[in-house]
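Peer 1: Each chain is listed here by its residues.
4 protein chains.
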Amino acid sequence: MPRPRFHNLDQEKQSSILDVAEREFVAKGFAGASLNEIMREVGVSKGAIYYYFDDKADLFATCLERLMVPFEKLLHDIYISFNSQEAFWESLLDACTTIQKSHHKNPKRAAASRLEDLMKGESLLEERWRNQQGSEFAQWVSKLLSEAQSKGFMRMDLNHSLASRIWLDISHSFDHWIRETYDEGAMMLTDEQVEQLAHTQWDLLRRTLAP
Amino acid sequence: MPRPRFHNLDQEKQSSILDVAEREFVAKGFAGASLNEIMREVGVSKGAIYYYFDDKADLFATCLERLMVPFEKLLHDIYISFNSQEAFWESLLDACTTIQKSHHKNPKRAAASRLEDLMKGESLLEERWRNQQGSEFAQWVSKLLSEAQSKGFMRMDLNHSLASRIWLDISHSFDHWIRETYDEGAMMLTDEQVEQLAHTQWDLLRRTLAP
Amino acid sequence: MPRPRFHNLDQEKQSSILDVAEREFVAKGFAGASLNEIMREVGVSKGAIYYYFDDKADLFATCLERLMVPFEKLLHDIYISFNSQEAFWESLLDACTTIQKSHHKNPKRAAASRLEDLMKGESLLEERWRNQQGSEFAQWVSKLLSEAQSKGFMRMDLNHSLASRIWLDISHSFDHWIRETYDEGAMMLTDEQVEQLAHTQWDLLRRTLAP
Amino acid sequence: MPRPRFHNLDQEKQSSILDVAEREFVAKGFAGASLNEIMREVGVSKGAIYYYFDDKADLFATCLERLMVPFEKLLHDIYISFNSQEAFWESLLDACTTIQKSHHKNPKRAAASRLEDLMKGESLLEERWRNQQGSEFAQWVSKLLSEAQSKGFMRMDLNHSLASRIWLDISHSFDHWIRETYDEGAMMLTDEQVEQLAHTQWDLLRRTLAP
DNA sequence: TATGAATGAGATTTCATTCAT
DNA sequence: GATGAATGAAATCTCATTCAT
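Residue numbers (our numbering), protein chains in the order written: chain A, 323 to 533; chain B, 323 to 533; chain C, 323 to 533; chain D, 323 to 533.
Calculated directly from the structure, the hints in this document are not laboratory data. As the structure is a computational prediction, the values presented were derived from the model and not from experiment.
Just so you know, same-sequence chains aren't split out, so a pair can sit in one copy or run between any two.
Calculated cross-link-like contacts (lysine to any residue; reagent style SDA-like; alpha-carbon spacing at most 20 Å):
no.	residue 1	residue 2
1	465	499
2	423	480
3	423	481
4	350	502
5	430	484
6	378	363
7	368	342
8	423	484
9	423	435
10	395	426
11	378	390
Starting from the given sequences, assemble the full structure and let the hints guide the process.
Peer 2: This is the structure in C-alpha cells:
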C-alpha cells in the first residue's frame, strides 16, 4: 500500500512509475530488479520513490495490486449459475469470455500471473501479500470447484487441491500464451477470435473437469 | 557448464555443493541467492567456487543440468508408438507412468520446473541456457505433438504453441503438486498410487488433446 | 535560538514540541535523533519545524536552553556569603538545598546534564552553545571556587581546573543518580529527604574542597 | 568481536584502523561517526571494513575493547588488603598509583570513559556491550565498596549506588582532566607528578568515603 | 590445486533541508 | 503563516569477482 501521497500525483506520473517498475520486476524478478534503475528510467529523484512507497516490497505490491484490483472487481461481478449442470457450464462459458475479453483489452493484466509467480520464494513478499489479499482468483476457483463438485457438476475423483491447480494452470497457460503473443508481435485479435479462444479454454476445462 | 575440474571431485563433494546451491536458488531465486551463503553452508572456500565454476550463472546452470540430464536420458529411452491411435495413447500412458515413477523416486527432480521458472526473466541465464540445451522436455512435447497431430491422433483445431503450452502446464501442475505434497508432509506414495496418478495425468491429456 | 515566531505559539504547542524533541535527543543522541520522527510524534508539519527553528542544532539548543534558563535564574539569585569561613560554608549549604529542591520539583531538569554530555563531540553544537552562553553552572562553580580559594575558605593545593572538574562531577553524580532513580521507579522523596540529600552533597564538597 | 581475519593483519594496520575509528567515534559519537569517513581516512577499501567487522557497532566495540582489556588485566592483578583499615587504605593508594601510571603511559586509555559515555543511549550498543562484559571497573568499584563497608573501612551512611557513582565520577574527573590536559598541550608529567596526582585522587576518595 | 584477503560498484534506505504554493 | 512535496547527498551494508600466494 503506497503512501497516500502517491495517489495525489497525476495519473500520468503514477502510471509512468508503475509501468517502469512493472517492466523491471517482470524482467528481472524481485531481488534482481534495481530501484536505482527504476528511478533513473522514470526520471524521478532518489528520495521520491521512498517518499511514495515504504520500500521496494511496497512498490512491488503496488504494481501487483494495480494489475489485480480491476480483475478482482471483474471476478466479483461474475455470476455463476448452479441451477442445473447445463446452466452451470453455460455461465462458466460466459465467465471465460468475460475474462478473456478483459485480458485482451488490457494485455498487461496477463503479466499479473508472472508477477505472482515472481513472489514465490520471496518469503517477505509472500507473507505481506497473502495477508493482505492473497490471490483472489485462486480463491474464486477453489470456491467454485467445491460448490460445483458438491452439486455433482464437476468430477469428484480428483484431489481438490490438484484439481484447483490444474484449473489455475490451464488459465495461466492462456495468460502466458497471450502475453507471449502480444509481446512478440503486438498482434490484435478480433472480437470473434477472442470469443473463440474463450470457448477453447472453456472446452478444455469441461473436458478436464466435467464428471 | 562447470570446468572439467569439478567433475574430478569425489561425488560426495560435488553433491554437497550442488545440493546446497539448489536449495538456495529454489528458496531465494537466482538474484536473491547469495554465493557467500552457499559457500559458507557447504564449507567450501571462496576461491574454490570460482575454481570450479565460471560464475554464479554457471553454478545455477549446473544445478539445473544435474536435475535435467537424467530426466533427459529417461525421455530419450521412452518409446512412443505411432502405429495406431490406440497404440499411441497406450504408449503415452506408459510414458506418463515412467516419468511419474522417476519423479517420485527422486522428488527433487520436480524442483527442476521451479528452477526453470526462476530462469524466466534472468535474461542472462535464459540466453545461456537456451543456447546450450533449452528445455529438452518442451522439445519432446512439441515433437510428439506435431507427429501425433499429423497422424490424426491428436486434435488439430488448437494452435500448436498453445497446445504445447497446455500439455507442459498440465505436466507442471503435477510437478508442483508433488513438490508441495512432499515438502509439506514428506508423505510417501505407494507404487499403486503413483500409477494411479500417472493414469490421471494421462487421462487429462487425452481428454484435453484427443481429437 | 529559535525564531521569534516560535514564542508566539501557545505554551502548550511550544511545550509539546520541545518535550518530544528533548526525549528524542536524550534517548538517541544528537546525530541519532531524527527530525522526521520528532515531527511525526508531535504531529507538526515538516515545514513548520523549519519555520520555527533554523535547523536541527537550533532545536537542540532550544531544548537545552529551556532546561537551563530557569536554573540559571536560580543560580543568579543565590547569595553566597564570603564574610567568614563559617558563613561561606553555611550559605553553600543553603545553595545546595535550593538547587536540590529545584531539581526534585522538576526532575527533567536533571536531563540537562545529559544533554550537555551529548553535545560533547558534536563540534558544531559545542561551538554554537559555548559562544552563546556556555555552561552557566560551570562558570558559577569556577568563580565561586576562585573567590573562596582567595579568601582561604577552600584548599589551594588542587589545580583549579581539576578542582572545578571534581566539584562539577560530584554535582553531576547527584544529577545522574536522581535521574536514574526517577526513571526507574518514579519514586518521590519527601522534603526532608531532599534536604538530607543536599546536606550529603554539601558534606562531600566540604570534605573534598575544604582546606 | 571482530572477525578473526582482523587480527591476522599486521599490528600497524590494525592500529591505524582502530586509531582512526576511535578518534572518529570520540569526536562525533556513535551515530554521528561515518564509516565512509573512517574508510577514507584510513585508506582502506569500502568492503574491507565489513570484511573485518560485522558492522558499525562491532567496530565500535572493538575500539572500546582495545582500550579496556589491558586495563581490566591491570585491575585483575591489583591486590587490595582487608587486614586492617590502615592496610586497606594503603593498598588503595597503591592501586590508585598503579592505575594513574598506566593511564599516563597510555593516555588514550582515558578515552575509554568517553567511549563508554557515548554508548549511553545507543540502546543497541549498550545491550551488546553489557552482555559481553559490562564495565569491569564499575564492578570492581562496587565490589570493593561493599567489602570495605562490611569491614567498617568505609562509611555506611551513603546509599551504595550513590557512593559507587561518586567513586566512579571522581575517577572519571581525573580521566577527563588527563585527557584534556594531554589533548591541549601533550605535556608530559614526571613520575613524581603522577604519583602526586594519584595521591590526590586517593586523598579525595578517603575524605569522601572514609567513615 | 586451492585459498581467502581484498575490492569497489552498487544496493536499499534515511534524512536534513529547500521551496513553490 | 504554514505546508508538504521533492530532493540528493550520504549512510550502512552486500556481493560477485579477482588475484597473489
